[in-house]
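Visitor: Taken in sequence, the protein lines are chains C and W. Here our numbering is used: the first residue of the first sequence is 1, the next is one more, and so on. Here our numbering is used: the first residue of the second sequence is 1001, the next is one more, and so on.
Think of the hints as simulated: they come from the structure by calculation, not from any bench. Heads up, a few of these hints could be off.
To be verified - Output of the computed footprint for chain W on chain C, the stretches with three or more beta carbons under 8 Å from beta carbons of chain W:
| # | stretch |
| --- | --- |
| 1 | 22–30 |
| 2 | 88–101 |
| 3 | 160–173 |
Note that CB positions come from ideal geometry on N, CA and C, so glycine has one too.
Number of protein chains: 2
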Amino acid sequence: MRCFVTGAAGFIGSNLVDRLLRDGHQVCGYDNFSTGQRRFLAEAVQHRDFRLVEADLLDREALNAAVKGHEIVFHLAANADVRFGTQDPSRDLQQNTIATFNVLEAMRAGGARRIVFSSTGSIYGEPLVFPTPEDAPFPVQTSLYGASKLAGEGLIQAYCTGFDFQGFIFRFVSILGPRYTHGHVFDFYRKLLDDPSQIQVLGNGKQRKSYLHVEDCLAAILMCVEKSRDPLQVFNLGTDEYCTVDQSLGWICQHVGLTPQRRYTGGERGWIGDSPFIFLDTRKIRSMGWRASHDIKSSVIGTLEYLKQNEWVLSRH
Amino acid sequence: MRCFVTGAAGFIGSNLVDRLLRDGHQVCGYDNFSTGQRRFLAEAVQHRDFRLVEADLLDREALNAAVKGHEIVFHLAANADVRFGTQDPSRDLQQNTIATFNVLEAMRAGGARRIVFSSTGSIYGEPLVFPTPEDAPFPVQTSLYGASKLAGEGLIQAYCTGFDFQGFIFRFVSILGPRYTHGHVFDFYRKLLDDPSQIQVLGNGKQRKSYLHVEDCLAAILMCVEKSRDPLQVFNLGTDEYCTVDQSLGWICQHVGLTPQRRYTGGERGWIGDSPFIFLDTRKIRSMGWRASHDIKSSVIGTLEYLKQNEWVLSRH
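Excised from the complex, chain C in its bound form (with noise of 0.2 Å):
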């Protein structure tokens, strides 16, 4: 396939890009480098199937000309951190919302009709059924990223019933493994460095979270590519089980041979909007034959691994 990535130098895009490249893929990479990091391209600069496009998907111009002539748009650029929606409200609107709008415009010019996208759980806002499935009732949002992320899926399928797109929509849980950059592992082992005497603990500590290694995140994407044939999917992507944030300090604390004070901010959401409880239904996603191979505990422990190798990751932010 002639694949098309945005957010290719992110931590999934990356991943994406390099899987793409072993699966024997054409692969063209688009970042603005915002976030992304080049290190994360180092292999497939190299690679020569793959071409690396620096510009802003806000620049239409640019996206136009570099989507032309692919077959499929891997869309995962964004801005992908919840907790900041409220300082800048116009970062979600721009980079998620009008950012879809504009990909979705690049491939009707171009040609393209197949796009994946990276949705996610926070689309269910507060849910009231867990574990939830795709067809849960209609949710309310609760953070402008996930309003984000919902104003991208219903501009896919409105394309995918106007111009006869394929359309992937994938709604993710929080994603770990190797090339991590934001997330509470990241930022829980970054404070240990700082202080291994205390820790501070967004919320109780009791907030249910459900993590997906990246890894088993592709494998599911491009099983769905691979095989479905329907106009609009929607999956959930996820384990099929949880833990709490304590839970997961205490992985980390024993993994780096810490035990420190916990601080507890208080309150059961660590942050405006966020969700207490995440916990996705995917029998949909296993009812095509794709099963989770890490569990949450081995892939929190395998991205402090990652983190550990990789301290320059930790100065970026």
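The hints should help you fit chain W onto chain C, whose structure is shown.
Guide: Frame of chain C; chain W shown alone:
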């Protein structure tokens, strides 16, 4: 209340302006007159409690200045035509999604915290449950219009969580009544004036749709605004009945005394993204004490009477 109405010169907006002024409120109307009609505000502009701002919602400076000092915003401005989304996808993005974002940001800057939003039953796509309740299974969008209203809903919901806004989201069926300027009664009546001997019907005529009179629509909205203290409310608005396109055309033909030959374009849908069956569950709004006082047939005929007495409206499009 110090009320701010976007789309004040539109069908629903101008009816709302008149109603708010009758109820003794101060009203600022905002319209770019792209589809709004000055004649709809002829009475309002004579009123000492009315002020008109002629500007675009994409002009953030004008909008911020105008919103300042108001308590509640009735955000009715929109590209309201679901049919032509694929001709120019940027229109729904700009006029619905981004315009709603601009309204929210102007409110945040100007200290307004209550917002009423005109959403749509089209947001349910092609639902599987009838009548369709507010918490129907998470829908799939089938039109750019629906996708843009979904994006607007999500933004408002996120502002309720993130910035302590109070949001009222109303998902309308098609609205009928005085100052009606687009939709099937408008189209059929204009076609019959052009050629009384035959009439083209989009689709197979068997599409089932629900309609609501604008007076009932406004009564529901104002009742909720008065009664509800919840931070966020989502309500379907419609009648507890539906009719087919063929039935409605029958009432229209009978009322104007014509028997045109019907020519169907065929298919279950009148256009790309047309939903063959729209029928909303209104138990939630009825549980607040509201009842529709007009049935569909009388609303269709009343609308036709309005168009007959105001044929200038037909030539405006």
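Visitor: Does each hint hold? Answer for all of them.
Guide: Against the structure, the hints:
1. 22–30: violated (count 0)
2. 88–101: holds (count 6)
3. 160–173: Check passed, 3 qualifying residues.
In the structure shown, a violation is registered for the earlier hint numbered 1 alone.
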